[in-house]
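First to last, the sequence lines map onto chains A and B. No gaps in the numbering here: position 64 of the first sequence is 62 in my numbering, and each next residue is one more. With positions in the second sequence counted from 1, the corresponding number in my numbering is that position plus 1012.
FYI, nobody ran anything at the bench for these hints, they're computed from the structure. Any given hint might turn out to be false.
Here are the simulated DSS-like pairs of lysine-lysine, each with C-alpha atoms no more than 30 Å apart in a straight line [said to hold, decoys possible]:
id: 1; chain 1: B; residue 1: K1080; chain 2: A; residue 2: K33
id: 2; chain 1: B; residue 1: K1036; chain 2: A; residue 2: K117
id: 3; chain 1: A; residue 1: K33; chain 2: B; residue 2: K1123
id: 4; chain 1: B; residue 1: K1116; chain 2: A; residue 2: K67
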Amino acid sequence: MGTIKFHGRVLNPGSGEGPAVVEEALSFYGEVDPKTGTTVSGKTIHGRILVIGRPRGSTVGSYTLYGLKYYSRKPLAIIVESEADPILVAGAILADIPLFDKVKGIMERVSDGMIIIFKDTGEITISSDG
Amino acid sequence: MYLTKEEERILSGYEGEAKALAIKTLVKVGEALGAERLIPIKHAHVSGISYGTIGEHGLALLEELVEKGARVEVPTTVNPIGFDSEEPSLMTQIGVRLDDEFIKGQMRIVKALRAMGAQTTLTCTPYYLPDTGFLKPGDSVSWGESSAILYGNSVIGIRTNREGGPLALMSAIVGKTYYWGLHIDENRKPTTGFKVDHNEPLDEVMAGLLGKLVAERYAGVRPPYVKVALRDELAVKEMLAAVGAAGSLAMIYLDGITGPSIDIAKLERFETIDWRELASLYEEHKPSEKPDVVFLGCPHSRAEDLARLAKLLDGKPTPKSKIVITLSRSEYRRFRESYPEYLGVLKEKAVIVRDTCLIVSPFGRDDRGLTVVTNSYKAYFYLSKRGLKVGLSTIEDMIPLLYM
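Turn these sequences into a full structure, and let the hints steer you where they fit.
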């Protein structure tokens, strides 16, 4: 099994690696519980790399992202296939979560549990035999 | 993004940790949107400050900012909270039970905002406050609260994007925002127009429904031009609030109200809104049963609205439904001073609550079967989502409903 490389825009830099958790569309307010670090579909984002097709939803979402930090339930990084909106960018800065967007094509290749390596340069690697 | 030496200095922390975090947030959001620089703002209005919405962690962020020395650089007003700050017990009269945790958490939010130097005006209509009277058309501001954003851009002619959550606060702390969207002349010019094929001025309910239609039908980014006769200030306010609730627009170009005037002939498209479609929406949203609560004040009422209702209620028996009016402390004061003759009537027949509204308070959470009548499409939109049965009616048409 090989690796697949992507390149994204760096909105909040950071480097690391961990298992992916994938959500097609996600609104942080109402669909993420900051106290447990889980999404409404029951997936844990705490300590994982959250890959989102597109962000959506209420502006209160920035506070929810900060809540993940407050309750020590942060994801390792957030990767967005489309474009991050101001809610997500502000929340990631305030919560100190690495954020990458415009990672074209990642949704087709990623699934829950795959290991992702992300770098300050915007290089994102999926290791499918992780 | 291009930053001045002064901005670089702030980003490096020379003016404190809080200001550095605030400018970093603005720069990153600006960069994500493709903004080239920051511009100064004259005023900020901060929304999303209800404890019920932002919770313990939202409060923690505000307190962290205070601890790091955050101070607002420009005059800053703030949105309503979960209850009347002077008389929290008033809320029990409208069926809202507040627990201690909620009251304490909410008051800590207010305290944190005050510590940063914000004026704790607790209203969603900053445009009716004397505190914003200094703002002139063309001034850039950073406002949260969609209905206020729509009113600021479309009526006052000030410039703001939809700055949700903590962004308006970050702008207030830096005194700047990113130069993007509606701060740029070109982006304020409409390319599409809507026209209602009817000449009779729309009342506040009809205006709200038109706002909903326009927001749902228009997919562009530029403000759409809307040619319509609106009956009064109340209709203008309700239409703009409806546009804000039903979609993501931050401005509409209202014929005869929004400036500077434009050449309609140059619009790329002009759509006609069928009067019959509006009329049938009106029928659909009509109250169908006896209301438990009749609600006025979304967005917050003006003194004139209270006088209008009081005049209609004068001499009538005690209403069978509960009347709830929400407004700012500033407008309540103006009502008492300008219309002392109506104060008695309203105090006797209605519950007047300041600093909050039925949307930001936990109203109806324990009693989902409640029936509400309001003149606000925005209130209809949010209270229906909460599972309440909501009907729309103008102030005048509310009177017979009170005695059903």
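Now the hints, each set against the structure:
Among the hinted pairs, B/K1080 with A/K33 is consistent with the structure: their alpha-carbon atoms are about 24 Å apart, no more than 30 Å. The suggested pairing of B/K1036 with A/K117 holds, with an alpha-carbon distance near 20 Å, which does not exceed 30 Å. A C-alpha spacing of about 24 Å is found between A/K33 and B/K1123, which places the hinted pair at or below 30 Å, so the restraint holds. For a cut-off of 30 Å, the pair hint linking B/K1116 to A/K67 stands: about 22 Å separates their Cα positions.
The structure agrees with every numbered hint stated previously.
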